[in-house]
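Participant: If you want the building blocks of each chain, they are given just below.
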Amino acid sequence: MNDGTTLPGADPDLLYSEDEDALRAAVRSLLADRSDPATVLAGLESDVAYDTGLWHSLATEIGTAGLLVPEKLGGAGASAREAAVVLEETGRSVAPVPFLTSAVIAVTALLGCDHGRAEVAAPLAALAEGRTVGVLAVPLPTAPGGLPEPASVRADANGALTGRVTSVADAAAAELLLVPAQGPDGPALYAVEASADGVRTDTVTPLDLTRPLGHLTFDGAPGRLLATGDRARATLDRALLTGAGLLASEQLGIAEWCLAETVRHTAARTQFGRPVGSFQALKHRMAALWLEVASARAAARNAADALATGSPDAPVAVAVAQAYCAPVAVRAAQECVQLHGGIGMTWEHPAHLFLKRAKSDELALGSPGRHRDALAGLVGIAAP
Amino acid sequence: MTDADDLRRRTAELLAAHPPATTDRLEFLRARFDAGLAWVHFPEGLGGLDAPRSLQAVVDAELEGTGAPDNDPGRIGIGLGMAAPTILRFGTDEQKQRFLRPLWTGEEVWCQLFSEPGAGSDLAALATRAVREGGAEAGTGGDWIVDGQKVWTSSAHLARWAILIARTDPDVPKHRGISYFVCDMTDPGVEVRPLRQITGEAEFNEVFLTGVRIPDAHRLGAVGEGWKVAQTTLMNERVAIGGARAPREGGMIGIAAADWRARPELRTHDLHQRLLKLWVEAEVARLTGERLRQQLTMGQPGPEGSGMKLAFARLAQEISGWEVEFLAEDGLTYDDWTMRRPDGVDFTGREAGYRYLRAKGNSIEGGTSEVLLNIVAERVLGLPPEPRTDKDVAWKDLPR
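One line per chain: the protein sequences are A and B, in this order.
Just so you know, we're using full-length UniProt numbering here: the first sequence kicks off at 1 and counts up by one.
Just so you know, we're using full-length UniProt numbering here: the second sequence kicks off at 1 and counts up by one.
Don't read these hints as lab results, they were simulated from the structure.
Since the structure is predicted, the reported quantities are computational estimates derived from the model, not experimental observations.
Hints are not guaranteed to be accurate.
Claimed, not checked - Which residues of chain B face chain A? A partial, calculated answer using Cβ under 7 Å:
no., residue
1, R267
2, T268
3, H269
4, H272
5, L276
6, E283
7, V284
8, L287
9, R291
10, L310
11, L327
12, E329
13, V376
14, L383
15, E386
As the list claims (entries may be wrong) - Derived DSSO-like pairs (lysine-lysine); straight-line CA-CA distance at most 30 Å:
no., chain 1, residue 1, chain 2, residue 2
16, B, K228, B, K309
17, A, K359, B, K277
18, B, K396, B, K228
19, B, K360, B, K96
20, A, K356, B, K277
For every residue, glycine included, the Cβ atom is placed at its ideal position computed from N, Cα and C.
Please put together the full structure from these sequences, using the hints given.
Facilitator: As structure tokens, this is what we get:
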């Protein structure tokens, strides 16, 4: 058992590089033009799962879809550090795009398979170029290491899948489904076209309107085998670990927007003859939140750096980042609603979009409690 | 310009002329000061060589392992960290010559007579008076007579000198009527009394000043400009925060985690959940400090430093409180209530009960958490200040 005092091998780089700043500027500029909160709000009540045009621009013009894919496989050859910067920006604008689900989690899952095989290389290239949206078919609350065994989907010897997966993020938007299933020889990962016979997607009404959820039902759906056994297990775990670690950066972006908007509003809003932001009771709440946001930045950067460098400390860094950043985003969004007063609880003000995203993100990829439980094992603080 | 090679050569010369093994400690420290290797960024003749501050590390590295004595920086921290930069910026040539060498060698310990019982975080409300002998019209050069009381004075019982702020004009608003002095702690009008604290020990003092005579030559900065001088002192106090690196599970959380591992019979589910939460917060505070350090190294100082003390204080209190509770019956006992007079603060060395009580000071000393939150809100977030009623009122007319 680890005694908890083992330090990560190399010092993590917790800052942003010039390239990362440039990427941020490009993403922020696109999102400011095309996905300001009022636009997001207007789009929500349409029937499309997400803003297809916006995703196309983000995925192909800026090239974020292939960030994590090596250049020789058709991607940009960047790392989790750059993907984290994109997520800070999509979090800051609650952009309804499948970057986390498709470009991070599904891509990482495919990268874990043998990409020398055409069954893997072809969909990976399609995802990297932004031609296809893919999702890993697991319930959104699934934590790293937390996949149910046996899987809720079974595969026969011909690769026909049967079973059901609930609450899959961006399922309705996806053209490619990566499905963990119990195969004839144990756990396996299959690829299924969402449009194939025997696949049904039932959309559900989500708490977070900007990240749609769907239940998937497979009834003899044709699957292509991607990985089996330990490799399938390790691949899924890596995909979920990466997703959870980078979700912390989305949560940071949410918290940053909430704090900045709250400061802006309370400095301008006058009550009792002076700006409400001059009242100490309010100032202290915002200053305390600022400290939490600054701390969340360090935790999120540490997780992104550990994932980028393949550090053996990554599981600890991810668990710490999720246990810390998820509640900070929720608190920031709650404070944002409260300190905006009446306008903060209206539909027309975008604060509710951030609250719904933050609360949903708190459950996503493992709740803070699940991540603390994981830490107990990782750092040697055993339960009674 | 002095470069690293030059400093290595000078350090080698110092060691050759004054071999640490055969040289008296004080003699070595004086020779090091005179060679400009004490604080290389200070001017020549004052312990430095006008070199970049970062090159001090070169000298320190060359001296490491040679047996060369250090000047016990922990013991003389107030002199090094607060008095010296203030004297350097505002002192006369005579003052710099007189004070800086024995300050750096540790021959003379300094303390700081700033805080007063009636003016805590509102430091500029201080009431200690300094009156020029013969009255304000007596012209320049006369001695000042000081009367008042100071509090929370670390090292006063060891100190030879103090930096002191006192009110020299009660007829102007409070920030404008203050002057800054160097006070001789051996003056018969200076009385130092130990201030016994919640822990039982007397780490601080009260200092009573009764008719203390300070020559005008010991004034730093112009009459009435003391608040501006004090800002330099206080800014240097804050520079010290956030620089050190800590390992994972360093400090108090390491003690708590070690307790948990050593005493399985005391574990409960509730304590487990709370310890994990504190472990995460301590690790994130460590990372935040590390990020700040990396920013400073890259020459991009961030505002995070203002917040680190807030996080440290809250964590120290919560972790030590958890620890007392975890220890159950052992938590009901205390190691020693005997009044002690420690030279420094022992944040982790004593048992849980002491740490729990000492941590109560963390959110008060050096600026209360409430005042720091105001500073973050106004200076970092740019929120509007609270309206003030004391700004344009003569100090003597303020309600006290």
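Participant: Now, for every hint given, state plainly whether the structure supports it.
Facilitator: Tested hints:
1. With its C-beta approaching chain A no nearer than about 4 Å, R267 (chain B) sits inside the 7 Å limit, and its interface hint holds.
2. Nearest Cβ of chain A to the Cβ of T268 (chain B): about 6 Å, under the 7 Å cut. The hint holds.
3. About 6 Å separates the beta-carbon of H269 (chain B) from the nearest beta-carbon of chain A, less than 7 Å, and the hint is met.
4. The beta carbon of H272 (chain B) comes within 5 Å of a beta carbon in chain A, closer than 7 Å, and the hint placing it at the interface holds.
5. Taking 7 Å as the C-beta cut-off, the interface hint given for L276 (chain B) holds, the closest approach to chain A being about 4 Å.
6. About 5 Å separates the beta-carbon of E283 (chain B) from the nearest beta-carbon of chain A, less than 7 Å, and the hint is met.
7. Because the closest C-beta pair between V284 (chain B) and chain A is about 5 Å apart, less than 7 Å, the hint holds.
8. Interface hint status for L287 (chain B): upheld, as the beta-carbon distance to the closest one in chain A is roughly 4 Å, under 7 Å.
9. At a threshold of 7 Å, the smallest CB-CB gap from R291 (chain B) to chain A is about 4 Å, leaving the interface hint in force.
10. With 7 Å as the threshold, the beta carbon of L310 (chain B) comes within range of chain A, its nearest partner Cβ sitting at about 6 Å, so the hint holds.
11. The interface hint given for L327 (chain B) is violated, since its Cβ lies 15 Å from the closest Cβ of chain A, which is over the 7 Å cut-off.
12. Interface hint status for E329 (chain B): violated, as the beta-carbon distance to the closest one in chain A is roughly 18 Å, over 7 Å.
13. The restraint placing V376 (chain B) at the interface with chain A holds, with a minimum CB-CB distance near 4 Å, inside the 7 Å limit.
14. Interface hint at L383 (chain B): satisfied, since its Cβ lies 4 Å from the closest Cβ of chain A, which is below the 7 Å cut-off.
15. This hint holds: E386 (chain B) has a C-beta 5 Å from the nearest C-beta of chain A, less than the 7 Å allowed.
16. For the hint pairing K228 (chain B) with K309 (chain B), the CA-to-CA distance comes to about 24 Å; that is within 30 Å, so the pair holds.
17. Between K359 (chain A) and K277 (chain B), the direct Cα distance comes to roughly 19 Å. Compliance with the 30 Å bound is thereby established for this hinted pair.
18. Distance hint between K396 (chain B) and K228 (chain B) is fulfilled; the C-alpha atoms sit about 20 Å from each other, no more than 30 Å.
19. Between the alpha carbons of K360 (chain B) and K96 (chain B) the distance comes to roughly 38 Å, so the proposed pair goes past 30 Å and is violated.
20. Distance check on the hinted pair: K356 (chain A) and K277 (chain B) sit about 24 Å apart at the alpha-carbon level, within 30 Å; holds.
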